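K.L.:
Taking the hints into account, I'd like the entire structure generated from these sequences.
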Amino acid sequence: MIRIVLPAHLRTLAHADGETVLAIEGRATQRALLDALEARYPMLRGTIRDHVTQRRRPYVRFFACEQDLSHEGPDALLPRAVETGAEPFLIVGAMAGG
Amino acid sequence: MSAVRVLVGTRKGAFVLTSDGKRERWNVNGPHFAGWEIYHLKGSPVEPNRLYASQSSAWFGQLIQRSDDGGETWAPVGNQFAYEGVPGTHQWYDGTPHPWEFARVWHLEPSLTDPDTIYAGVEDAALFRSTDGGLTWHELAGLRGHGSGPAWQPGAGGMCLHTILLDPSDPDRIFTAISAAGAFRSDDRGETWRPINRGLRSEQIPDPTAEVGHCVHRIAMHPSRPAVLFMQKHWDVMRSDDAGDSWQEVSGNLPTDFGFAIDVHAHEPLTTYVVPIKSDSEHFPLEGKLRVYRSRTGGYEWEALTEGLPQRNCYVNVLRDAMAVDSLDSCGVYFGTTGGQVYVSADSGDSWSPIVRDLPAVLSVEVQTLS
Numbered sequence: 000m001i002r003i004v005l006p007a008h009l010r011t012l013a014h015a016d017g018e019t020v021l022a023i024e025g026r027a028t029q030r031a032l033l034d035a036l037e038a039r040y041p042m043l044r045g046t047i048r049d050h051v052t053q054r055r056r057p058y059v060r061f062f063a064c065e066q067d068l069s070h071e072g073p074d075a076l077l078p079r080a081v082e083t084g085a086e087p088f089l090i091v092g093a094m095a096g097g
Numbered sequence: 000m001s002a003v004r005v006l007v008g009t010r011k012g013a014f015v016l017t018s019d020g021k022r023e024r025w026n027v028n029g030p031h032f033a034g035w036e037i038y039h040l041k042g043s044p045v046e047p048n049r050l051y052a053s054q055s056s057a058w059f060g061q062l063i064q065r066s067d068d069g070g071e072t073w074a075p076v077g078n079q080f081a082y083e084g085v086p087g088t089h090q091w092y093d094g095t096p097h098p099w100e101f102a103r104v105w106h107l108e109p110s111l112t113d114p115d116t117i118y119a120g121v122e123d124a125a126l127f128r129s130t131d132g133g134l135t136w137h138e139l140a141g142l143r144g145h146g147s148g149p150a151w152q153p154g155a156g157g158m159c160l161h162t163i164l165l166d167p168s169d170p171d172r173i174f175t176a177i178s179a180a181g182a183f184r185s186d187d188r189g190e191t192w193r194p195i196n197r198g199l200r201s202e203q204i205p206d207p208t209a210e211v212g213h214c215v216h217r218i219a220m221h222p223s224r225p226a227v228l229f230m231q232k233h234w235d236v237m238r239s240d241d242a243g244d245s246w247q248e249v250s251g252n253l254p255t256d257f258g259f260a261i262d263v264h265a266h267e268p269l270t271t272y273v274v275p276i277k278s279d280s281e282h283f284p285l286e287g288k289l290r291v292y293r294s295r296t297g298g299y300e301w302e303a304l305t306e307g308l309p310q311r312n313c314y315v316n317v318l319r320d321a322m323a324v325d326s327l328d329s330c331g332v333y334f335g336t337t338g339g340q341v342y343v344s345a346d347s348g349d350s351w352s353p354i355v356r357d358l359p360a361v362l363s364v365e366v367q368t369l370s
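Chain order of the listed sequences is F and L. Numbering-wise, the first sequence is residues 0 to 97 according to numbering that gives the first Met the number 0. Numbering-wise, the second sequence is residues 0 to 370 according to numbering that gives the first Met the number 0.
Heads up, a few of these hints could be off.
Sample of chain L residues facing chain F (criterion: CB under 10 Å; computed from the structure) [unchecked claim]: (1) 57; (2) 59; (3) 80.
Simulated from the structure, these hints should not be mistaken for laboratory data. Small disclaimer: the values here were computed from a predicted structure and weren't measured. Glycine included, C-beta positions come from ideal geometry on N, C-alpha and C.
P.N.:
In structure tokens, the structure reads:
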């Protein structure tokens, strides 16, 4: 099971309290994680990554295990600690005023 | 018993203000979508409890929300706005080509006849339509693709399609306006378009009378006379009596003819309202006095409306989508400011009072007259 922490605005949008826990079949990649997240919460489509290009939105960052995974390829394997649920995958709104 | 519902979009959420027909006591409901920019929300004229809202943020992009109960509850609908074909380029601020990129929905215009059909004006400028209540959106690409698109350029707020007017007498006719490209008209339900900017003059472009490139801020129409259009341009207040085929300046005695908002009285097709703003470099009222100007003659002759409005130390702006009128017997006029005030006049502008004073910066104001 993979634990995901959404930013506050997206938790509100998805009506999701606390962490989101998802099961991913096959390789645990960023793409597989986001596919599963958007399948659970269709209203998040387009808010984290572009509908068409699937590229991460510019003001969204991905952190886990005290590392910045924002620039990892979408098909790179997630850290083992994220895959096992020992550590959460953090989806973070960039720190930029407002 | 009549009532009004005012839909207010702000930098940090949406608010729904309601009152009976006296428009003296108000209930303020909100914020909806707290923390998000709500560029615009508007109700269907044929099903007033059907509301649409444009919700966006730099972080998480664009959402469209729909309510079927007058704003009590909302649900997200479709948010994919994909340009048709190869998007191409428009001009960037420095005149170089810049690829078309979707940023946000500025304006939502529900159909006059079908609650499931709605138009969206977006940045970078394009017109989209949904015919399934906002679930899916399709570009009316004839506007962006009619030929002049590479010459369009962004205004200070971005290259936005901000005005959509549906002709109540002719279902084939749609008007749009884009900053900074100008006004456009379709006579075939949005399939093909042509610029309608003859008579506009803009010193900010190389050819001041060019076919496109004008920073039109807003166009307004009275539904009983849809061929008469009133325009607040970057500078100049303009009027057309031939559905945009030609324009004449009607700024007349306005103290400054820069501004954003413009609207028309609900029952007097030639009574027009503007809020003069000092200049394109100083976006606030002249002399710190917030004044709405009214013309009862379709332009040229304007009178300042000041009763109830701050007449000292007022340095707010009134944005292009932030003025509206109701259709009660005594026409109500409403506008919101970047200082978070929403003002109402229940007597056609003669006197004003604030409904609320301390909202986030107001981006848009719409009003529904309910029976």
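K.L.:
Could you run down the list of hints and mark each one as holding or not?
P.N.:
Evaluation of the provided hints:
Contact between residue 57 of chain L and chain F, as hinted, is supported at the beta carbon level, the nearest pair being about 5 Å apart and thus within 10 Å. Interface restraint check for residue 59 of chain L: the shortest CB-CB distance to chain F comes to about 4 Å, inside 10 Å, so the restraint holds. Because the smallest distance between the Cβ of residue 80 of chain L and any Cβ of chain F comes to about 9 Å, under 10 Å, the interface hint for this residue holds.
In summary, this structure violates none of the numbered hints.
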